[in-house]
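J.: If you want the building blocks of each chain, they are given just below.
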Amino acid sequence: MGFLVTTLIFIVVGIIAALCARICCNKGPSTNLLHLTLVMTATVCCWMMWAIVYIAQMNPLIVPILSETE
Amino acid sequence: MEDFIDKLPQMDLMRSEKMTLVQLIIPVESSHRCITYLGELGLLQFRDLNADKSPFQRTFANQVKRCGEMSRKLRFFKDQIDKAGLRCSPRHELEPDFELGHLERQLADHEHEVLEMNSNSEKLRQTYNELLEFKIVLQNASGFLVSSNAHAIGDETELHESTYSNNGFIESSSLLEQEMRPEPLNQSGLRFISGIINKDKLLRFERMLFRATRGNMLFNQTPSDEEIMDPLTSEMVEKIVFVVFFSGEQARTKILKICEAFGANCYPVPEDTTKQRQLTREVLSRLSDLEATLDAGTRHRNNALSSVGYSLTKWITMVRREKAVYDTLNMLNFDVTKKCLVGEGWCPTFAKTQIHEVLQRATFDSNSQVGVIFHVMQAVESPPTYFRTNKLTNAFQEIIDAYGVARYQEANPAVYSVVTYPFLFAVMFGDWGHGLCLLLGALYLLARERKLSTQKLGSFMEMLFGGRYVIFLMALFSIYCGLIYNEFFSVPFHIFGSSAYKCRDTTCSDAYTVGLIKYRDPYPFGVDPSWRGSRTELPYLNSLKMKMSILLGISQMNLGLILSFFNARFFGSSLDIKYQFIPQMIFLNSLFGYLSLLIIIKWCTGSQADLYHVMIYMFLSPTEELGENELFWGQRPLQIVLLLMAFIAVPWMLFPKPFALRKIHMERFQGRTYGVLVTSEVDLDVEEPDSARAHGHQEEDFNFSEIFVHQLIHSIEFVLGSVSNTASYLRLWALSLAHSELSTVFYEKVLLLAWGYENILIRLIGVAVFAFATAFILLMMETLSAFLHALRLHWVEFMGKFFHGDGYKFKPFSFALISDDDE
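Protein chains in written order, with my numbering: chain A, 1 to 70; chain B, 1 to 823.
Bound conformation, chain B alone (with noise of 0.2 Å):
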């Protein structure tokens, strides 16, 4: 047997890929190629040999601060592009070797050409802006002008009314206005300013000059009819065209102030109305030549910035690994010779002879002398774990792993999740009605498959794209598991064959009363229809999914228990095995295995007797008479022996395993416990890596009462968890009680009550409602509540009889694996 264990190959997914601590020891000139070719080799992760080091004392931070400007440029023009709304499709132009100084003074001359463009489109605008007020305070004001010309013989009553609207002007007088005497215009020195103001401030503008002239003035204000854009915020504003008429040098300093403090423009307009006239043609010409010379220029602005969006996703994965790779070299050494970097990295024994060859490949293309040294070195430290994994387990690989890396070569739990999980997803789920409707789902997402791995998909999408696999199997499973039990949208079918139950008598008169009854063998395959819609349908299908997830569950446990017996094999920890698994299996199996031993009997045999009453007298009363509870001949003593061996166990799991501990390091450092010192500086004849001296050497102390109560705990843990772990397997029943339930209200409650009328619209609302309860309740919620509890059952039940999980991941220097938003 153990031959035969021994002779089978090593399963593909089991245990973590076996890692090697290699150290490469490069030449300068040649180093930053070997990198880069590392980088797309992707297999290597170097450790880093400068952790102690600040950013700034590393030998390339100032290339890295180089690129860091590099990248900030290009994140300008980035920035530029999408303010100036173009789209550019890259060109893929191959370019010759990529030079990093080549590139740098190329953005920064683009960069300067276009912060040039748009300063001067700023000051053009701005010109364009105040132009374009003048002409509005020209057309409006004269307004005004006009018709206080007018009215200068006139009354001073008549000025508060207005008779005529010049593009709809309202003419609003101060409060004070009819006390003044009017006087000609330009006789008496009443004189005016025009402007224009932002709307919203117009209200306090008016107030602060009547204030400061102490009501001698005349404001008169219309609102433009075009928008203009403010030069600080981007955004069109509306403004208000007004003319103040007053009296005074002081009072002209005075509103003159104001309107500075408040950004009102002041713009003159002449009296006379040829003169403006004249003005405004003059105006008109030079905005239209504005306007021209604007568009001109952003035109060539857009022009400067297409031709550098065509190369600018190619130069942004440019700089991004140029970084990535002096970051990478920042984590190297240089010897004492200064010609050469040393690093050290982990890589999986397969891709050595992968990278030996990119390696020589480096040193040829570089033209240097002096080839690479690359040699293998012993570790210290626990080596990065690594699966290879295809599409279709990676998905399960990084479920298991959210929980935690699994140590380096110990039992992956992944291998068998690929199966187990999306079956006790389909025991919650079991509806082959709903399994269609997620199988649908998952092979749309399987036959886009290509399209949507190269878009860009929202976050819920692309988690539901990342496990399309899990859900595929997860459909399969619910389609199998809906034919066991019988349901298709709850409605049961007789697909193998006629019901196993028929009436006692050809009247069926006593259905109702004292049931059916069993003339034949039981249904092939699955649940009887038979007992859908009984009155005693739900006490016995909770009982049979009862005793099937206790039994679901030891198998499961069982199955955990047994991988921690392959991992101490593997390991070579015969004390594991002896003091731990051996005490464990015998606790677990001989209470709650003979618990699943009774289960089967009692089907097997129909008998009457009550498992919880054997069990629960079982620790109760042991030596007591079973009577009617006895299931087979000689229950009572083999529940004394399987007592007795639980009993037993527990003490054997605790105590032996510290006590050996301790003796095996007694043996060992026997002796030795003042040498240590001395004799472990001579030991060591095979190199030390670098890394590992900074740790110092890790001979530690011995604590046996450190190692005494972790195992007590552990064994705790086991000894109490046996029982709570069993009873959390009844999730499985509670769920697919749930989701039976739901799914049966829906059907007869919504579709059935519905379908009654003879209305076509009540139909149609009746299936509408049905449509959307069994898509959202029953497909999504049920989908992640299934979802969560399968996977909380592996973390926890599964996974902790064997599953250590501290280690850390293979995370190699590639650049395919350089993330986008990593800054």
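Pulled out of the complex, with its shape left as it was, chain A reads as follows (with noise of 0.2 Å):
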């Protein structure tokens, strides 16, 4: 349930960012295709550190010791 929420999140964010980026920088189709292109890659990139990182921890095999401290 919060893994897909949080991805709805930033699918959202994305969306955001790249509607900023066109509104802020508009200089013409192929400029904003080359916007669009960095604002997905690096939404891309974001979401699948997060993922791999939320769903490495969703049914962990070891759990934490706590090691003894003096």
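Read the hints as simulated data drawn from the structure, not as lab findings.
If you want a taste of the chain A side facing chain B, the calculated C-beta under 8 Å gives, among others: (1) Gly-2; (2) Leu-33; (3) Trp-50; (4) Gln-57; (5) Leu-61; (6) Leu-66; (7) Ser-67.
Cβ-Cβ distance ranges computed for the label pairs, FRET-style: (8) A/Leu-33 x B/Lys-663: 37 to 43 Å; (9) A/Leu-33 x B/Ala-84: 57 to 63 Å; (10) A/Phe-3 x B/Pro-9: 33 to 39 Å; (11) A/Phe-3 x B/Leu-817: 48 to 54 Å; (12) A/Leu-33 x B/Tyr-512: 53 to 59 Å; (13) B/Lys-352 x A/Leu-33: 21 to 27 Å; (14) A/Phe-3 x B/Glu-40: 55 to 61 Å; (15) B/Phe-364 x A/Leu-33: 38 to 44 Å; (16) A/Phe-3 x B/Ala-734: 24 to 30 Å; (17) B/Gly-627 x A/Leu-33: 46 to 52 Å.
Pairs of lysine-lysine, DSS-like flavour, derived with a Cα cap of 27 Å: (18) B/Lys-123 x B/Lys-201; (19) A/Lys-27 x B/Lys-18; (20) B/Lys-391 x A/Lys-27.
Idealized CB from N, CA, C, for every residue including glycine.
Two chains, each in its own frame: build the complex with the hints.
T.: Given below as structure tokens:
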């Protein structure tokens, strides 16, 4: 459940960033496509990083065993 | 789908700008102006049509020589100004249209003036030195003569006892002195020579004199207080005043010759004290006169140099531009009628109108009757590659170009590198405390951008400044990855809520033996803070990061393969798609894509399957039962299918393409193998560019074995490389582990240890050591290390899948690009 919600949040943030890029620097169709590509790549990279770390923690095989502190 | 891709506009940086080969026919009278204006525009790369001629055979060799001579004179002025220590701020006055001959005459005049002034002041300085030495000799030698006068009637033994010190002079007599009978000076012909010599030559000089006169001489010496400038070395040297007493004419000639040999200057000192005093007064007055003259001369020369200095930088730029223009003119050819110059060059297609305008303006300005003819030609060779970058993308493009300039119109990896490069850096650097430090540094560079771009920086600072946007993006991604790894100088925080783990019961008795349990959903963002400091932290994080590296690596390699698909589509090579892209995709994804799938399934289901075991036994015994390594239903048949597909993919990428190429070649040249020499001349009804005539025709022999070996190498490289490249991505894990461990060590073993003591001094030292270690080891060394490894991952693993990189860069003739030390 938390996974899907956060994925949606990432998608929404990506769309907002793309819109901002379109509004702020609107310099013709080819440049717009470049900006869109960059925003999409960044969103995908960030989402992948988060998703990997989240999924890895969903069903862990080992648990934290505290170490003896002095 | 295909239509959708076709309808998309061409992305900005993705492929090189379209270039056209143009031919210019310029009338001679407007040629200089045309080239100058084109240089200002900076969008045309001229081809050298006279490449086989030596520099002396070219048309405008004379003008180039004159420019070289002028720049030599300008360098001379610059040296003189630097030596004189003047600092001239350039005075900006608009000069009328620049004319080469006029500047040449001006520079010749100035040079003549400066050289004359220099030689005059040389002579004056020499005279000044001589007078100065004479003055010193007079002052010091008079002391000897007085004493020897007084001692003339004294005993011989008193000569080596000095009772008075006049300016601290030392009297040293020769060893055989005691046997010499002292005789009064004037009556017995005991004469003397006085002079001055360099201090370091003194001992040898004295010994030589002793040997030459067989000991029949008395040598007195005293150091002078003032240093004198040696004209040869322009340094101040110490000199010693000496007086040699001797008798006999032969001794005199010998001594004079020895003085000359050792560079000692002899000055006659009168014995009479009044005469001495008179002479001293004369010399002093002459000295002061000379000083005044020298000062006046220096001031006059400095004025002349300053007046040159005001316009010096401007002249240097102008001469450099002229030389560049003439070098370019040398690349053009005279046509048959000798009235026009013909040139060829590459220019971007979008710049054609601009160039046309510039040429028209040049024709108008030079009042020429005939306009410049400017038309497009067919190109035989491949055009240069040109990307229009802004200051953000420029640094990334240079990073990619360092590996190889993209072939004309192939996909540019820099587009994706703008994001993936800082991202992979951040995966290896992940710590948001260090990321914040990098961000501060990058913001500083960005804030002082305008000021720093005009200054001349050292090489290290220049590299940092050039990469300021790279560092900025790296810092932003590092902060993000640091939040994910949950490390702030290796300290975890509970920013996103409380941990997902807690003790099994309220006493937490077995937290140190069996551990905590997970009682709710995973930590919403990043690594759970409970892991830090636990005993199982490293096994858990290692497993996480290794799998993460594999997943990121397979994604990036797939992106590379997809770019190769788009390349093949763009160049219309369906052979490449069918027989290269598809088998490569199948091979990579059926083995390593399947591994990624297994990783994700294992994480989602929490199965205890051993993935190493699964992958290895997929190859060794694919039909065996999986038992407890089964992750999903139907795994065994799926594995067998994937294995078969991978096996088929290998010969699929190896054999069909060379045979298909051979078939195409046969079809094209069927029946034309003998007719090649004859028909190709007739075929070309398009005007062939000048330069191509030299190359000849490009009909190469289709060498099947060469093509086959090439394909074999390509396939083996891909197959073996898929394993090694996947493993290579594990450096993402390795470096992030190293960074995290270093940072933990510095935090726990330096800062916390020092903070444990009550003493303020130890605490301060601890903080200082922590700061230095963080700044130098973590921020500098780790940054460079992660930078380098991210670079390697891009160059080899990513770009190796699709990039050819055998193009050449577009270097337009532009005044802005002429470098400073381009002589």
